[in-house]
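J.: Residues per chain are reported as follows:
Protein chains: 2
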Amino acid sequence: MVGAGKEGRKDETAELARRRGFIWQAFEIYGGAAGFYDYGPLGALLKRRVEGKWRDFYRREGFYEIETTTIAPRDIFESSGHLESFTDPTVMCKSCKSVSRVDENVNVDVKCPECGGELEASGELNLMFQTRIGVTKGEGDEQAAKKSEGYLRPETAQGIFINFQRLLKFNRDKLPLGIIQIGKAYRNEISPRQSLIRLREFTLAEVELFVDPAEKNNHPRFEEVKDRKLRIVPSDGEAEEKSVEEAVSRGIIANEYLGYHIARVDEFLESIGLPRAKLHFRQHRQDEMAHYATDCWDAEFLSDRYGWMEIVGVADRGDYDLSAHASSLNVDMRVHTESGKVVPHVIEPSFGIDRIIYALLESAFYEEQVGKEKRKVLQFKSEIAPIQAAVFPLLNRDELKSKAREVFQKLRDASFFVEYDNSGSIGKRYRRQDEIGTPYCITIDYETLEDDTVTVRKRDTMKQVRVPIAEIKEVLV
Amino acid sequence: MVGAGKEGRKDETAELARRRGFIWQAFEIYGGAAGFYDYGPLGALLKRRVEGKWRDFYRREGFYEIETTTIAPRDIFESSGHLESFTDPTVMCKSCKSVSRVDENVNVDVKCPECGGELEASGELNLMFQTRIGVTKGEGDEQAAKKSEGYLRPETAQGIFINFQRLLKFNRDKLPLGIIQIGKAYRNEISPRQSLIRLREFTLAEVELFVDPAEKNNHPRFEEVKDRKLRIVPSDGEAEEKSVEEAVSRGIIANEYLGYHIARVDEFLESIGLPRAKLHFRQHRQDEMAHYATDCWDAEFLSDRYGWMEIVGVADRGDYDLSAHASSLNVDMRVHTESGKVVPHVIEPSFGIDRIIYALLESAFYEEQVGKEKRKVLQFKSEIAPIQAAVFPLLNRDELKSKAREVFQKLRDASFFVEYDNSGSIGKRYRRQDEIGTPYCITIDYETLEDDTVTVRKRDTMKQVRVPIAEIKEVLV
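Heads up: the sequence lines are chains A and B, in that order.
Per my numbering, the very first residue in the first sequence carries number -1; after that it's consecutive.
Per my numbering, the very first residue in the second sequence carries number -1; after that it's consecutive.
Keep in mind the hints are simulated off the structure, nothing from the lab.
All of these numbers come straight from a predicted model, not from anything done at the bench.
Keep in mind that a hint or two might mislead.
Claimed, not checked - On the chain A side, residues computed to face chain B include the following (Cβ under 10 Å):
#1 Leu123
#2 Pro190
#3 Tyr364
#4 Gln367
#5 Tyr444
Positions of the beta carbon are idealized from the N, C-alpha and C atoms, including for glycine.
Could you put together the complete structure from these sequences and hints?
T.: Here it is, written out as structure tokens:
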């Protein structure tokens, strides 16, 4: 029976994610607001584990994490170009005055989605949330008002760029210098879609790697990744499978640093359990590139529901940002290297954590017929499953419950994410754990009281094995 | 010599924290903005470790973490009372129009701090940062403008309260229900002080524990904490030392749940290394209590620089919040328990993570004379030290460097936070690690190449021992 009828059911994933406490529309009892989602208890656990894996992954590259503010003053986004360029074109309805985003597939003949009225172009709208820092001194003083303007960051990157000089000193004036940051970012989308795909508040995990431009084709560990096969879609060509080395040597991927990091992104996504068959790297066309990028490759996930969607962007930002801040402030951002005094280039892998969580949920979900009933499963890898193991007493008897509690406590003390459950039949308890992706269920029965062994049941095969309590930890790892 | 001249130097702590990359004023190259700080590489590591310990601590209580949005619509803060009550009284200068906060120690005779002009009361100012969600439909429509108003949350708690019904269901309709959240919160302070003490953007780690009011004097694990001695300062009395049990039974602390959680907060603060002699719990006077609290005890840390400062608040919020949302929305927030259908009360330990980081830095710092030079040390506990061990080759020779790299890599693969350093003399490298609080330095020398042993030097005693490479991990734990 196992594996029979295994297929993703897109609407059921969303239903399960809501029902089991992974993802909830925010402020729902207040009528909700488009583009805002909360993580429930299981969603938050899943997110913590993915973020933890991400940190470990980039720490192993020797990169350091920093944490900068989410609010920043106007000046910074004036320099970075976001005030002028981080915009979407809009249309307004002539009759009901509602504003919406011009999508690529909207042409002038389209009517207002709200009332059917006639639309007209209504200019570019900046996507940053604006606020005011402190109290503005005096009314009507335009200069003072501007000075107190603050914005919620649209990316975490600027907080790293404006700390570049301190970070370089921390790194003893040496390149390359790799800095990572995980945190909230904000985009006041005009027409956010539902679910985790186009959020107004979201989590980015960003790497800003500062390199000597003369060294971009000389990554010291390129050897480690060069044979990795990638599915790539160049901006001017067809999808193809190529090794990283070939893609770089043919100039499809511009340089070794970019190639190395595209390969690492691919490796990370595989390590958390995203199926490689549903991933490719697509190069941006010139007309879709962000204002700061010279080249950009998106890791895209093939969603049953949304088609190909970006989950990571790997951009070569060149010296755009450091030069922009240097020229606004009239400061020197150059670094002394073997090739002279250079303005470093920035390679930036930027991960949309919420979309990755969505992709994990969608690709982990399947249903299968087991005997007379349907079994719903989230087939997470052990390393990211919100709950690593559930502990059950076979029956609701005191002697079994206290033994089960003891095993549970022992695993929790050893830092495993475990759950204790004594409600309902064993079958029902297994179903619940399958639905939330728990890889192992541990049952305490009367045999346990005699010989200190337990039943370990595996989520994917539903097979049960007898394991001594002293050896449970090895099974779970 | 060790221990001689051991004393905290308050200004040097700040200098060291800046120089070594713990804490940096935000946007400094743009002239800075009061109330905003960034965490540099070592500060972020320290913060991650404290947050990790905090999560583990409350997970062991059986509490679940969630993650809710930092922006929320106006309605929520109208219900919660923040729009009306989360305010500070202000004064305005009659001549230069600058607005400042009325501090308790400011009386009417005081002149404007900026220009010396005459001051006048200028009403209450709300401390929430305001923004706008989406595009407002039509100009001049006041109703629509209000509807699109959003605020940055002043506490993480409201995101938990408005999800209460879902969370209760997740907990299978049972009380108590404990939910935790770590995240950014925002207060648009009128006159923020420097450093991490009064920030406009800060990190809260909050626990919202929902309990049956009839059970507040019946905490199932009260036994575990009852003998813990606390230094408490009741609102109407003198500082005294009392066991938790005595404080509760005499009615100084209102109930067992509050007492239990005050004791756990004390235990947590001790576990991360804050000296108990510099901690006490002070009860709020009626006139300083937040609008939602019925009782509140602050864990205060005695700072050399700022005097007693709040680092954690433990509040009994009663049924204020659930009832407020229930009545605004006309929904039922009651839970069926053995005592009938009740609106749960909320016990809330709320941790100011940035202030805790400040307290850790200040209390960990000391200087001592060692021979002819001064040694500066951050005496962090191993469990929270940003770097757990540094690995050095004794000399800058290839055979030592490659062996040192190997040991370094081995520890990093085993998830230790380690640093590799081969620059400068060994003495200089020790000094640097002392300054950033690294408890162990591991040196690879020619003996290592022969017998696979290394020198492990301890930060606090400066003593060195010879340890086989295979046993290093046990030393570090």
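J.: All hints, please: hold or fail.
T.: Verification of the supplied hints:
At its closest, the beta carbon of Leu123 (chain A) sits 7 Å from a beta carbon of chain B; the interface hint therefore holds under the 10 Å criterion. Using the Cβ-Cβ criterion of 10 Å, the hint placing Pro190 (chain A) at the interface with chain B is satisfied: the shortest such distance is roughly 8 Å. Among the interface hints, the one on Tyr364 (chain A) is violated; its C-beta lies about 23 Å from the nearest C-beta in chain B, farther than the 10 Å criterion. At its closest, the beta carbon of Gln367 (chain A) sits 28 Å from a beta carbon of chain B; the interface hint therefore is violated under the 10 Å criterion.
Proximity of Tyr444 (chain A) to chain B is violated relative to the hint, the smallest CB-CB distance being about 26 Å (cut-off 10 Å).
Comparing the model with each earlier hint shows violations of hints 3, 4 and 5; every other hint is respected.
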